[in-house]
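Participant: Sequence:
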Amino acid sequence: MNEAIDTAASSAAALETRLARFALREARAGEARVSYREAAGESGNEALPLVLLHGIGSGAASWVQQFEALRSARRVLAWDAPGYGASTPVASASPVAADYARVLADWLNALGIERCLLVGHSLGAIIAGAFAAAQPARVSGLLLISPAAGYGAADPAVREEKRNARLAMLAELGPQGLAEKRSANMLSPHASADSRAWVRWNMSRVVPHGYAQATHLLANADLAAELARCVGKVPMAVAVGAEDTITMPAACERLAHIAQAPFQTVPHAGHAGYIEQPDAYNALIDAFCSAY
Numbered sequence: 001m002n003e004a005i006d007t008a009a010s011s012a013a014a015l016e017t018r019l020a021r022f023a024l025r026e027a028r029a030g031e032a033r034v035s036y037r038e039a040a041g042e043s044g045n046e047a048l049p050l051v052l053l054h055g056i057g058s059g060a061a062s063w064v065q066q067f068e069a070l071r072s073a074r075r076v077l078a079w080d081a082p083g084y085g086a087s088t089p090v091a092s093a094s095p096v097a098a099d100y101a102r103v104l105a106d107w108l109n110a111l112g113i114e115r116c117l118l119v120g121h122s123l124g125a126i127i128a129g130a131f132a133a134a135q136p137a138r139v140s141g142l143l144l145i146s147p148a149a150g151y152g153a154a155d156p157a158v159r160e161e162k163r164n165a166r167l168a169m170l171a172e173l174g175p176q177g178l179a180e181k182r183s184a185n186m187l188s189p190h191a192s193a194d195s196r197a198w199v200r201w202n203m204s205r206v207v208p209h210g211y212a213q214a215t216h217l218l219a220n221a222d223l224a225a226e227l228a229r230c231v232g233k234v235p236m237a238v239a240v241g242a243e244d245t246i247t248m249p250a251a252c253e254r255l256a257h258i259a260q261a262p263f264q265t266v267p268h269a270g271h272a273g274y275i276e277q278p279d280a281y282n283a284l285i286d287a288f289c290s291a292y
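Residue numbers (full-length UniProt numbering): 1 to 292.
Pairwise CB distance ranges, derived in the manner of DEER restraints:
{"no.": "1", "residue 1": "SER92", "residue 2": "LEU173", "range": "22 to 32 Å"}
{"no.": "2", "residue 1": "THR245", "residue 2": "GLY177", "range": "16 to 26 Å"}
{"no.": "3", "residue 1": "ALA157", "residue 2": "ALA287", "range": "40 to 50 Å"}
{"no.": "4", "residue 1": "LEU24", "residue 2": "ALA184", "range": "25 to 35 Å"}
{"no.": "5", "residue 1": "PRO262", "residue 2": "ALA73", "range": "19 to 29 Å"}
{"no.": "6", "residue 1": "SER290", "residue 2": "PRO267", "range": "13 to 23 Å"}
{"no.": "7", "residue 1": "ASP155", "residue 2": "THR245", "range": "21 to 31 Å"}
Since the hints were derived computationally from the structure, they do not count as laboratory data.
Using N, Cα and C, we set each Cβ at its ideal position, and we do this for glycine too.
My request is simple: use the sequences and hints to build the entire structure.
Facilitator: Here's what the structure looks like:
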């Protein structure tokens, strides 16, 4: 057991060393503060910036392998969503996707980004979809990776049950407990020890209040409705790990059908596929971005 713990700690430390190349930054976004990481593109590169939005149990740091691989082609940015990292929480105790989308707009404004390519993973897909639906002219392309659909269209009793179960789990376990108990669900059986360590590292650093707000967002959201608003206005694509047991391939394919978007499964990948299969996801993201 001690050897396994030491190995995990060593793996996380190695990734932290790589992450240090992309120092945490802060920007004022309206009245809010947003912490983020950035990999600057090559000087003179006019390609559109790539903006990466993480899921409910993660943060900007989770995209380090994408920073490394994609930075040569364009500017790559990843935020800590409101309530994560050093980012200011949204005001509402039970927020909706539009609350986060407004902060995203303010953050992009602060960075001088008028138009971008947008990638949303899991809960990040909900925020990305809401932003694209509200401001389609600012999104050149929308790629959803293992998108969470949200429970906004479900029966109120189902929404309450899903929300309360996750909040109870947070109260019982806290961030470190969540990381120990839940991180394995994010990955396929093929994931390496490094991937498992990195998912745990990111999950252990969630801020309880921000995670609780994001839980309400998940209960309130209806991604399918947002994507329907984007059809004909924003080019979209959907991808999911073939072994994702959280946002399963069949559910993601239904969202792709609503979005009238291409759909792709990635072999030997679970929910956090971009962490455990970085080469495959980097190629997927790069191919999508290269079209716009």
